[in-house]
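Trainee: Protein chains in written order, with this note's numbering: chain A, 1 to 316; chain B, 1 to 459.
By construction, these hints were calculated from the structure, which means they are not laboratory data.
Please note that the accuracy of each hint is not assured.
To be verified - Straight-line distance between alpha carbons at most 27 Å, and here's what the computed DSS-like set of lysine-lysine pairs gives:
#, chain 1, residue 1, chain 2, residue 2
1, B, 2, A, 113
2, A, 135, B, 2
3, A, 120, A, 135
All figures in this text were calculated on a predicted structure; none of them were measured in a lab.
For reference, the chains in residue letters:
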Amino acid sequence: MRSVIDVEGIAKVYGGSHGQRALDGVSFSVPKGSVFGFLGPNGAGKTTTIRILATVLDPTEGTVRIDGHDLREEPLAAKEEIGLMPDEVLFYPTLTGMQHLLYYASFYGIPRKDARARAKELLDQFTLADAADKKLKAYSHGMKKRLALAQCLLHDPQVLIMDEPANGLDPAGMRYFRDLIRWLNSQGKTVFLSSHMLSEVEQLCERVGIIDRGKIVAEDTIANLATRLATGAPTVLHVTASGISDVALQAVARIPGVAKVEPTPSGVDVSVEAGTDVSADVSKALVLAGAQLRELRAEQRSLEDLFLALTKGGAP
Amino acid sequence: MKLPAFLRGTPQVFRQELFASVKSVRFLIMALVSALVIVGGSYGISGLGGGFGPPPLVVWLHPIVDTNGDHIAVAWAADPFGAPVAQGTIVSFEDLNTSTTLGEVPTDSNGFARLNVGTAPVVAAMVRLGNIPAASITQWGSPPPVDFFFLVNQNDLDQDGGYDDLSMQVVDLTGAPVAGRVLLNATEVATLNPNTGFAWFSLPPGESNVTLEVAGEPPLSQTMYVGDSGGATFLSGPDFVLLIIATLSTLFISIFAITITFDSVSKERVQGTMDLLLSRPVSRTGVLLGKFLASFAAVAIPVTLVNLAGIGVISAASGKAPTGSFAAAFVGYSLLLIAFYVLLQLTMSTLAKTGGTAVLFGVLIWLLLNILYSIVTLVVASVFSGGDPATFFRIQQYAALGNPSAVVGNLISLSAPVDLGFFGGGTTLDAGLFAGAAVFWFVSLFLLALWTFQKKAAE
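Make the full structure from the sequences, and use the hints.
Mentor: What follows is the structure, encoded as structure tokens:
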């Protein structure tokens with residue numbers, strides 16, 4: 001599938017050539033019409049990347065193309081294709097919601113009348129119609145989030161760049177945004193989604209990129225990443241059983257492929273070397289040694305495990 | 001109409017910023033205060049005429065010789081309009097040749113104090129009221145050609161800015177006040193107060209014949225000339241008022257410009273709207289230009305209106321308009337000063353990470369250009385002049401070119417009528433040099449603001 005965002009080897013150094021290197025050779029691509037999840041611990045370079053994609057920051061090195069437009073060579077054409085929804089926007093406190101949308105629409109050469117109609121349509125769609133003429137200082141956090149989304153859709157961009165769209169919202173608000181992103185994606189929009197909420201990313205995104213300490217440590221579909229991780233990492237079998245004797249534990253420990261055996265209050269945890277399946281041998285050994293086996297469960301690896309494994313435990 | 005790429009965003013940012021500025025409370029406050037300072041100041045100072053006014057206390061001293069040949073110093077102390085000081089006010093007499101105090105004499109009910117000073121040839125009489133000292137010197141020489149002594153002061157008693165008021169005091173050969181009258185072109189304009197011998201009157205512009213008639217003496221006539229802008233009225237009223245107002249205005253304009261601009265960029269970053277703005281199809285040059293023009297217009301429009309109103313008030317109050325080229329220079333160069341401060345503050349606002357830092361930068365810029373710069377140049381001139389006063393003077397003169405505020409101040413004072421020059425802070429440098437400095441500063445400050453915005457607006 002054709003990619004709509006192409007990032008090649010971008011680096012960002014703050015504070016001169018000897019300053020802090022926030023990004024270091026970041027490359028990834030986002031297929032057209034997809035929802036791309038962008039994950040990373042705090043300070044990993046997520047927001048810097050987003051601001052570069054949104055043409056707010058210039059990369060120190062590397063190239064970025066939005067729908068084929070190089071940001072350095074054709075910044076204005078690239079800007080026409082993107083809509084940015086930053087994480088935290090307070091907006092102009094003395095302007096109304098409608099005035100904000102008209103102001104931002106004016107940059108795209110949309111005639112005033114059409115801009116007003118479009119703004120009204122978006123305010124209706126995002127349940128802000130009643131607050132259209134209220135100043136922003138009267139808006140709640142959730143209303144500002146919805147306005148932030150409305151302003152980035154004014155010119156009907158192909159690519160939506162969203163930084164933590166559901167951050168700080170209540171469960172209903174989060175669900176509202178999740179549904180909206182699905183709907184926007186169904187309308188053909190490409191969504192670049194940075195989020196702390198891994199479950200949200202898991203539900204919405206086909207592909208993810210994971211950034212850690214300014215470098216991309218993984219970029220693939222979630223399914224492929226899980227498989228890749230599983231082939232290189234040990235699995236744990238959680239066994240629930242009673243009557244596990246020392247003999248039973250020794251029998252399990254002798255099974256080829258078993259790395260470690262740890263008794264637990266409800267039974268035993270068996271760590272198995274990557275790429276081996278010993279669950280049948282483990283259950284047989286336990287039963288033969290007199291244990292009453294109730295359950296044997298292989299641990300499921302979630303996006304969170306992937307994230308923690310790839311970022312050495314950094315908090316998202 | 002499609003704008004060139006580098007101007008993309010200018011009209012939109014200009015409209016939004018200007019709209020936000022003129023609706024702000026700070027704009028309203030600054031516009032009101034500027035009206036009060038400029039228009040009110042123009043009215044108030046014009047009401048006084050713009051002159052320095054007369055000295056509040058005057059001592060008149062006559063060299064009388066008594067029948068024994070002794071020198072009698074006759075001092076009369078009064079306010080400039082002839083009201084004597086309170087009885088008992090001490091007049092101190094000093095022999096100026098020996099610097100010795102000859103005596104202290106309390107004044108009588110008409111403000112006179114007399115002392116026999118023996119043969120002292122040059123004597124000073126001094127009076128101090130409150131914190132105002134006044135003194136006069138007299139010298140004994142050949143007797144007067146007429147049988148009375150008269151002293152004349154030329155001053156700006158009516159405070160119309162013209163030093164065209166004559167006050168005189170006349171005593172007879174014994175030092176007693178005389179009665180009499182003053183004729184101006186054969187018309188009586190004043191009579192001498194018989195208790196004090198004092199009178200005052202104003203001279204009209206041009207040539208006048210002033211005649212003093214003292215009872216029993218032949219009239220004494222003299223021709224006097226008062227020019228329109230020179231001579232006695234070298235401080236012509238409205239121009240002088242405008243110069244004072246211009247000095248006030250330049251200080252105030254800088255504060256106005258800083259107040260409107262100080263958070264123009266930093267506020268957008270704090271609000272998070274800078275990212276939204278820069279992600280639009282705009283150029284950074286276009287955004288900065290829009291912000292510059294908006295802040296400039298938000299200050300320039302009220303300041304120009306207020307300046308024009310000030311000139312109008314000066315004209316109305318003093319009955320004469322300031323010199324046209326001076327007034328135009330004042331209005332025009334004020335705009336240049338606004339541009340300087342807006343550009344400087346845009347740079348500072350881009351560098352400031354918070355609103356508080358932006359305010360601090362604004363205050364520091366104002367202090368630097370209006371106070372600290374003079375102190376620093378003083379120190380630099382002292383260090384590099386090596387004790388040579390001429391070098392010290394020249395370093396200070398040229399140092400004005402390094403301060404955009406001083407450049408504008410000097411351009412305004414150089415536009416003033418020549419006879420006002422020495423009140424304008426003064427410079428011996430050529431106006432062309434300041435014009436060149438003004439262009440240099442404008443271009444440099446614009447490029448600095450642009451470069452800073454390009455590099456730091458989003459970081």
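Trainee: State for each hint whether it applies.
Mentor: Checked hints:
About 19 Å separates the Cα atoms of residue 2 of chain B and residue 113 of chain A, which keeps this hinted pair within 27 Å; it holds. Among the hinted pairs, residue 135 of chain A with residue 2 of chain B is inconsistent with the structure: their alpha-carbon atoms are about 32 Å apart, more than 27 Å. With a C-alpha separation of about 16 Å, the suggested pair residue 120 of chain A and residue 135 of chain A falls inside the 27 Å cut-off, and the hint holds.
Hint 2 from the earlier list is the only one contradicted by this structure; the remaining hints agree with it.
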